[in-house]
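**Student:** Take a look at the letters that make up each chain.
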Amino acid sequence: MRSTAVNTPTEATTTTAPGPGREPRTLVAALLARAAGPDANRPVVTALDASGDTLETLNPVELDLCARQLAAALREIGTAGDRVIVPALPGLDFHIGFLGCLYAGMIAVPVPAFRTAARGGTTTRAERLSAICGDCDPCAVLVSTQEDADEADAELLPGVRWIAVRRPDRPRPDGAALPDPVALDPAATALLQYTSGSTGDPRGVVVRHGNLVANQIAMRDACEVEPTTTIVSWLPFFHDMGLCTAVVLPLVSGASTVTMEPATFVRDPRVWLRAIAAEDDVFTAAPDFAYDMCVNRVPAEERAAIDLSTWRVAVNGSEPVRAATQRRFAEAFRLSLFREEVFSPGFGLAECTLLVSVSPSLEPVVAAYYDRDALAEGKAVPTADTAAGVELVGCGPVADGIRVAVVDPATRQALADRVVGEIWVDSPGNCGGYWGREEESAEVFAARLAGTEDTTGPSYVRTGDLGFVDGGQLFITGRIKDVLIIGGENYFPQDAEAVAVAAHPAFAQQRAAAWPLHEDDRGVAVVVETTVRDPEVLATAVRAAGIAVAKVLPTAVSVYAVPRNKVPRTTSGKIRRRACAEQMRSGQLPPLAQWSSVRKDGAA
Amino acid sequence: MSVTQEITPELVVERLRHVLAEMLEMAPADLDADVPLSAFGIDSMTSSVLLGDLQKWCGAELRTEASLGGLSLTEAADLVVAELRQPRKEC
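Top line first, the protein sequences correspond to chains W and B.
FYI, in the numbering used here the residues of the first sequence are 27 to 630.
FYI, in the numbering used here the residues of the second sequence are 122 to 212.
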């Protein structure tokens, strides 16, 4: 998989744009069609600054030109199939950088932004970056300007060229054969999406041009994203949901997109909401916590002044979807004319490009209580008794062209509706594997149901997520690796996390991570983030959380309070429970307060 | 156990705390009375030992299918006292 032959066109390709009525087969083909069509002079992408003012707007013709200029520069230092690191650059530089790589036939590797001129001090981010570089062996790293390239610290990434995205002095590269034919080949690799895994163990999902287009056409159709729709996104571009939402979806749907930096949203969520209010028909995607953040940070008296009646689709995905969050948001922003059916909960993962299931545009949210003890035995039994139940949100029906099997991971047999198993996905968005890891790739990306091992029948991506199907809705109950097995029954860490967070005001709306204690040491540990520092309040809070968790999990319980943002997460926002356990065990994550039902020097 | 002494929930909590602390090799003071016993490591086996001890100590005959695991010391004591106050069935 490492050879450059991976990007040799596998079938006849053409450089002409697709005709009317035909779907583009790659992202570059979609941009070419747009630049040659009636919308050539309409903005396709706009970047906002920290206060919500427009920084820059590009139409398809301008975006095409910028991408060509960068592609020509990249082809001077490398060839089709080479990897190029594309950091989450500010403004529209990421869009140009990413598309420039594709035009050059090269493989884009989106990563978080980092300080190129910074010296000394090994940060986690720098370590992760060098681990990614070690894994994919890139020929270049993109920076915004030539000045950035000149100032970049050569020792940061030895042997890698620094290339400026902006090439203002460069002539129009009419002579160059761009885009490269591989940019129009759906089977060629477009990017490596680095996902979870610890710092020393990055895994790059091989996403092909055809995966991007097929997957986001499914999103477009489920959510009715039209050329008149505006996509408003603050998500990081290196994140699968951020890349698909802000770069891929607008190009396959004809919609335009307005972006801002994640830091802008975090500093002031009103900038995102005002950008939504400014457009006529709006699609957004964000993780659950973003909606909580809006409620907490936008004062009630300001909400009425923001008109959210044009917001049609708010995809809620990439972390567990909580019914309470959606209700709370809808209640808080009713004054702003927000309707709860705007929420479209979804489920997806980088290994399938992104989307697997999503609730269609303006369908009422499906949420129901399922008996907790029955879930522990793998059965989804609806219950009216909310105290004995877990409230789960339906993540919509499986999108068009995608098939899901809920499978017993031990026997590989498909399970019936309302039986909990591992979610397996057969989709045109299913990616080509993990870069350079054939063995692991075969296990994850080419799973077959029992009895079909020798056939040419469908092969599935194993998601590692547990869930069930009920009434055509996909419900997610947890991660397979994170399941707590107590007395031979399965419990989900989300349950422990949810009750711990709800147990005391010091933990309200905070994040938590739960994991089983050391194997020979039965029990469960729960870490909860807090902004509180008063030791007496914290002592009460960890005890309250411990008792609450012990009531739902029949085992020894330890609870630790840690400062906000200390629970490690993947780039796609999932809680890294194992990493959290490891940091707690090694003392890297010192707790502010702790409580244990069994006192043994607080060993985690 | 003197028959003249009334069994109060407080007494039962202290008795359970004492027996549990011995079984679990923990200090009695470390057994928080509001924490479900399962969190101390009480499973169905140790629960039946506890139930047997309670019966010998005060005569409370809790139904055998009852496991104490999901209850805290306080809740278990309330259950014992409620059981003792029930009119005896004549056999």
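Since the hints were derived computationally from the structure, they do not count as laboratory data.
Accuracy of the hints is not assured; some may be wrong.
The list that follows gives simulated cross-link-like pairs (lysine to any residue, SDA-like), each with its CA atoms no further than 20 Å apart [said to hold, decoys possible]: (1) W:K577 with B:R138; (2) W:K577 with B:Q207; (3) B:K177 with B:Q207; (4) W:K600 with W:P561; (5) W:K600 with W:I506; (6) W:K577 with B:E196; (7) W:K577 with B:S168; (8) W:K577 with W:D411; (9) W:K577 with B:T167; (10) B:K177 with B:A148; (11) W:K577 with B:G191; (12) W:K405 with W:I506; (13) W:K507 with B:L192; (14) W:K577 with B:D199; (15) B:K177 with B:V134; (16) W:K577 with B:T195; (17) W:K600 with W:K577; (18) W:K577 with W:V509; (19) W:K507 with B:E131; (20) W:K507 with W:E403; (21) W:K405 with W:V445; (22) W:K577 with B:K177; (23) W:K600 with W:C165; (24) W:K507 with W:F471; (25) W:K592 with W:V527; (26) W:K600 with W:V558; (27) W:K592 with W:Y395; (28) W:K577 with B:D164; (29) W:K577 with B:L200; (30) W:K507 with B:D199; (31) W:K577 with B:W178; (32) B:K177 with B:R136; (33) W:K577 with W:Y395.
**Student:** Which of the numbered hints are not met once you compare them with the structure shown?
**Tutor:** Structure breaks hints 2, 4, 10, 13, 17, 19, 22, 23, 26, 27, 30 and 31.
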